[in-house]
Each structure stands twice: as C-alpha cells, then as structure tokens.
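Student: Letter by letter, the chains look like this.
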Amino acid sequence: MQLHIMFRYSLLLVVLLGMGDMAAGDWPMFRGPGGRSVGGDDDLPQEWSISEGTNVAWTADLPGRGVSGPIVVDGKVFVTASSGPQRDRLHVLAFNSETGKQLWHRQFWATGKSMCHETSANAAPTPASDGERIFAFYSSNDLIALDLDGNLQWIRGLELDYPGAGNALGMSSSPVVVGDVVVVQSEAQGNSFVAAIDRATGETLWDLKRPEASNWCSPIAVDAEYTIDKQPAVILQSGEGIGLHRADNGETLLQIATECESIPSLTFDKYLYAPSNGIQVYDILSAGLEDKDKPVWQESKLQPGSPSPVVVDDQIFVINRSGVLTCGSTASKEVKWKVRLGGRFWATPVLVGKHLYCINADGKSFVVSLNEDGSKGEIVGENEFGEEILGSPAVADDGLFVRSHAHLWKIAK
Amino acid sequence: MSSSRSRICLGLSPLLFVLLMCAVSEAKTTESDALRVGLHNLIVSVTKGEQADAHSEWQAVVDSAKVSDLLVILGAMGRPNELVEPFEGPESLGPLAENWIRAAVDTIAEREIENNGNLPTKDLENFVLDASHSPRARRIAYEWLVKVDHSAPERLLPQMFDDESLELRYDALAALLAEAKEATDDNTKIEKYQRALKSARDNEQLRECAEALKELGETPNMAKQVGFLTDWKVVGPFDNTDRKGFNTIHLDVTKIDFDAEYEGKHGSVKWKESVAEQEDLEKLGTVDLNEALVEEKSVLAYATTTFVSTVDQEVECRWESKEATKLWVNGEEVAVKNVYHSGGGFDQYIVSCRLNKGPNQIVIKVCQNEQTQPWTRPWDFRLRVTDELGGAIQQAK
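Going down the list, the protein sequences come from chains C and D. The opening position of the first sequence corresponds to residue -15 in the working numbering, with each subsequent residue numbered one higher. The opening position of the second sequence corresponds to residue 997 in the working numbering, with each subsequent residue numbered one higher.
In short, the hints are calculated from the structure, not lab data. A quick note: this is a predicted structure, and the numbers were derived from the prediction, not measured. Ideal placement from N, C-alpha and C gives every residue a C-beta, glycine not left out. It is possible that part of the hints are untrue.
Computed footprint of chain C on chain D, listed as stretches where at least three residues anywhere in the stretch have a Cβ under 8 Å from a Cβ of chain C [stated by the list, open to error]:
1) 1042 to 1054
2) 1102 to 1110
3) 1328 to 1342
Examples of chain C residues lying across from chain D (beta carbon under 8 Å, computed) [stated by the list, open to error]:
4) 174
5) 187
6) 189
Non-contacting residues of chain D with respect to chain C, defined by C-beta distances greater than 10 Å in every case (computed) [said to hold, decoys possible]:
7) 1026
8) 1257
9) 1293
Let's have the full structure, built from the sequences with the hints guiding it.
Tutor: Structure follows, in structure tokens:
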C-alpha cells in the first residue's frame, strides 16, 4: 500500500462531533450522533411483532420508496421518500415521535437525474439536522432545507451547478452538518464534487473537485473543540484515500492515500476505522506525525458489506456480504467472534446498551446480545418486519425507528 | 352576503354604505396586490439565486395567504408575468422557482385542511381542467383536490389521456389500463389497450400495452410507436485502449462517406448495415454492437442513420447506453457522455436539437472500456427522436 501524507498542521487532535445545537438523545443524521450508530440509554425491546402490534408504539404510512434512514430531532421524526414513475417526486415528512401523527409533508420535483438502480431510490441519502433545520438530500443532487415546522428555508439544485453530476445507478451519500455548513458529497463518473453549503443561507462556501468514480460513502464531521486550530473539519472517503478538510474553507489538513471501499463509510471513535481491504485502523489522534497514515491494525477478516462499521470503545462490528456479523478488538488486534445472521444487509446496525440491532434487506431483524468482556455475541431476538428494509434505523425517545418503502415504525416497550 | 350583514347594511345611509364597500374592496385589493408583489419578489429572488431574500418573501406569502389565494399562487407558476407590471422575472419559471411555489401551496393548503378541514374544491377543479395553466400547477391543484374530494379521479382522469402534465396523463392511463385488465371481452380490452398505447409516454405503461395486445393477438409496431430508430449503419471496432479513443477523431462526422475504409483496431473497417431489435420489448430499439461487429473490450464504433423530417423542427434525441457516447446531429456535436457502466435506462440521456426539413444525419459514437465484470459485457445503444413530452416524431414517408 502506497501511503502519502500531507499535514498542514503540526498536531491534530480529533474526536467525534458532539453537535452543539442538538438535544441529547436526538438522532440527527445518518448513523446518529457522531456517525457511530450508537444509541443512548434507551430501553428497547428485544422482541416485537408487527402483525400483532406487540411493542410497536405506532405505524405510519409513507408515500414513496426510501433507502434513507429516519432522523429524530426535538420530538419529531423526519423521513424522506421519492415516488412517481420517473422517481422525481421528492418528499420530506415529519411525525410526532410519541404518537406517530404526521405533522407535515412537503413535496418537490427533482431538478437532477432521478434514474437509479431498481434496488435503490432517489431518496437514498439520510437527511441531517442542525437542531433548527432539516437538510434533505437526494440522489438527484437536490438539497432542501426546511425548519422543524416544515417552512422552506432554501433549495439547491446542485446538478444545475455541477452539470453531469450523479449517475443512472443513483447516489446515496448522506449530508453532514459541521460548523456553519452542511457538507454534501456526490461522486460518480462525470462531475464529482463536495460542496459546503452555509446551513443558514444556502450559499456555497466552498467546494472541491473529487475523483470521477462511483462512490456512495458519506462524509463525517469532526468537532472544532478537538482540532488543533479549533476549527471544525470533515472527513471524506473515496477510492483514492481519506482526506480531512477544514469545514470553513475546505483546506486539506490530512491526506491518507489508501483505496477505500465505495459503499460502507468509515467510522471514527478514538481510532479511524476505514473500510479498505477489510478494515484499516488509523491512530490519527496520538500517533506521531510520521505515523498517522500508517494503519495500527489491518484486518482482512473484518470485511464490511454494504453496512458501515459500528464502533464502541475498542470493539468494532461489521456485517459482511453473506450476513455474518463479526466483532473485532482494536485493543488486542484480533477477531473475537462471529455470528451468522443470514440474508443481505444494506442497513447499518445500531448499538443500544449491550444489544446490537441488525435488520436485513428482507426485513428480518436480529437482536444480538454482547457479553460484558466482549468475548461473545448471541442472538436473543428475531423479528420480522415483513417488508424490504434498506434504510438504517434510528434510536431516540426510547424507541427504535425503522422505515421500509411503505411504512415507518416506532418499536418501543 | 350573510343575512346579519345585510341587516346592518340596510341600517346605514346609502353614502356610508358605498364608502364602506369601497374601503373593504380597497383592503382586498391591497391584500391581493401584496400577495402578487410577494410572489413576484420570490420569483425574482430565486432566479437571482438570492436564497435569503427568497426565504423572506416565501415566508411572508405563506404567513399572509388565505386559502382563497391558492389559485393566484398556482396561476403564477404558468403565468408569472401576469402578477405585476412591470414584471422583472423570467417568462417561464425554472424548476427551483416551481419548487418554492409548490412548497408555498402545500404549506397553505395543509394548514387550511388542518384548521378547517376543506379546500375550495370547485375552484381547484376548474383550475385543473384549464389546460392553459402550467402542467405542474394543475398537478398540484389535482393532488389537493383529490385529498378532499375522493370522487375527483373518476370524474377527471378520463379527460386526461393526452394531458400535457405527464403525471396526470400517467394516472389517467393507469386507470384506463386497470379498466382494460378487468374488461371481460377481448374487443373491449383491445380497444382500451390501443387507446392507452396511443397516449402512453411511460416505458412501463408502453410495455404493459404491448404485452397485453400481443396476448390478444395484436401486433403493434412498438419500435415505430415509441420512436426508436431501427435502420443503422455501423463501423468499427476502433481502438479504445485506456479509453483514449473517446476523444480521438476517426472519421469526419460532418460528411459521412459510406464507401470509405478506416483503420480499425485490427485492420481496415467499413460501414455495414445493422437493424435494431424490434421484437424483444426489453431490448426494443437496441443496436447490439457485440453482435454487429465483435465482442471485445477497449473498442469503439460509430453508428449513423438518416432521419427524414417533415418540417424544420426542434426535437429531442433520447438514448440509452451503458457505455460512453458522443452524439452528432447534422455534423454538430450535441452531447458528450463520458461515463462507463454506471447504470442506464429508458431515455437515460435527453438532448434538444434542431432538425431540418428533409434528411438529417444522426451519428453516435459508442465506446466500450476495459472492465471485465459480467455487467460490463453489453456494448450497445438505442436512440429515439421525440417531442418534448416523449412522443415519437414520425419520419416523412
């Protein structure tokens, strides 16, 4: 592996973003707070029944397909969907988290390419929120900002600004809020870009030309508090490597040249976990300047399929293309255990307390219990949603929020 | 006027009554003017890309508008220049401005239903039926009408088989196809499927018609119906190693010489005839270059056909190819798509172009790359000439 490092700042100290405007317990973006897929102290059931309503707090109908996951902000659940024979009708919906009542529904027409693979949907990226606004992004490169009451703040049709962006397979990179901007990443053959849009005004503050190859990974935010220059930053992943960029101007702070996967996104929690030839683990916090681009651990047996890695403490969990859940330990640099779940997975699982909630594409869920010392995982619950589920679930307000193409459920005791 | 209000008016002097009515009328006019100015400013701000101003104007319109203003707002989508004078916005709204207005209408209508449980159904229906309005505005009106009047689709859709709103047309034909499917005698089925086929623009609906008619013993010429061009001449393979052939000039596309020989990847190559698929609905209109020339990686080919136009006209060329393509019409390069194996579909690419009355030369360059995965095997394209709604434009006989 050829590594190249460019380091404009003498020391970098990064920790996951703890979003300032967000209430504790919200699930404001793809994979939740910090993008780690780790919930709080929510007390979730291990068993439920959709058909009998057991441990199903409510069910809401959705107007179109969606590979996006729900997000939860300030007692409201927000979901995107897309519909129509041309897949060009874009939806944003808000529901009361407690009752499931639909609060509002906004619709728009796509301004960019709406074509996508039959598995996917125009509503593939999970929306993000800064606590005041919802940023709904779509495969068609439409970015729409609404306040929590559904009032339109601004709209960007980014394919109008970046002609040729996107492709006929569909994009799915989810936006991320970092500092004063919302960052979107759209990479395909044609016109690839990353753009940082002022979250209040909708103006583009900076953009970057990106590799012209299909990439469905999502950017990750890095909190200003933990960077040496006290500036928030964003991590971008592609087949050409990993880049850390200042959020206010896009300046490159760190570049690691390694060939990353194009579907599962990297995860950061003390270490940087990059889906690349299995998993590569980088110690960009405490390693010396010369060593930040050298993996401290590379494990080919931790090969993520479509779901992104889940990381908590020194444990990493990945689900491969065959539906096998594998746990690795960064502390001991070894694979600890495997559990065969079965089926094809698109949704990234979520960890709540000592339980990992995994849902395969057929809508079958597995609740995996983790023992105290991390030496074992055991399936303690299996439940059927009975519908295709591709979007990653959210955990908030003592509930697990799961969406199919037709329904949104709150699973709760 | 309500009876109580009438009684009050009767008690007033005629002069006072006239003055009062004038004041009410003026207040209404002022409110209406403010709405129109607000919409105008919103459109201008969106057009200039001034998002913050657009939001302020949008919020003011939404906060002040009454349900009776919905039609004014919808009307602005198709006739923005009737809002105020002088009008400083564009003659027709772009997609972003349409979305801003859609969001305003949805917000106001949603609020009205939440508060009062109803909408002005008759006005909405009249708006839907007035084809002079913007197709998208009519679609919005239809969707809100249907929310409060569930009988509206049955009443309105049979009038919309040829609607300029492809969304309304799709729903109308979906209802017609459902009737065809449920019909018990073959003649009725055939009649309904043929009617749907005549107006359908959606690929799935076209296929549904074709498959059903085939089962009923009918043989519609689907390639002609959809507008796929079927008679082509192709030449190749030329070298596309390292994808360098995409920008290499191999022949003069402004002056096609069917007698010429060219230096191909493996020696001399000449133009040869190739007929597009006309039976298999899945591959309808497809020119398979693997079959016509050679199945090989890192190659490219040119294909050309002559389209005889009945008049000088603006048309759309719509094509699909999972490989990189360039398109020329009458020697002018009209599209460059340097994308390999990133998905595809019916009408994957659409470009507007000008046809002259008489013969027009269409040339497409189709480049295969070096990838060897099974899904990268196809080396083909299909192309049709349509109007802006996707209806086939037939050639002169």
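Student: All the hints need checking, so say for each whether the structure fits it.
Tutor: Quick rundown of the hints versus the structure:
1. For the segment 1042 to 1054 of chain D, the stated coverage by chain C is satisfied: 5 residues place a CB nearer than 8 Å to a CB of that chain, which reaches the threshold of 3.
2. Against chain C, the segment 1102 to 1110 of chain D contributes 3 residues with a C-beta closer than 8 Å to a partner C-beta. That satisfies the three-residue criterion, and the hint holds.
3. With 7 residues having a Cβ less than 8 Å from any Cβ of chain C, the segment 1328 to 1342 of chain D passes the three-residue criterion, so the hint holds.
4. For residue 174 (chain C), the interface hint holds, the least distance from its beta-carbon to any beta-carbon of chain D being 6 Å, beneath 8 Å.
5. Checking residue 187 (chain C) against chain D: minimum C-beta separation of about 7 Å stays under 8 Å; hint holds.
6. Below 8 Å, beta-carbon pairs count as interface contacts, and residue 189 (chain C) has none with chain D, the closest being about 13 Å; its hint is therefore violated.
7. For residue 1026 (chain D), the shortest C-beta to C-beta distance to chain C comes to about 25 Å, beyond the 10 Å cut-off, and the non-interface label holds.
8. Listed as a non-interface residue, residue 1257 (chain D) keeps its Cβ farther than 10 Å from every Cβ of chain C; the least gap is roughly 33 Å.
9. Distance check on residue 1293 (chain D): its Cβ is at least 17 Å (rounded) from any Cβ of chain C, clearing the 10 Å threshold; non-interface status holds.
Of the numbered hints listed earlier, the single one contradicted by the structure is hint 6.
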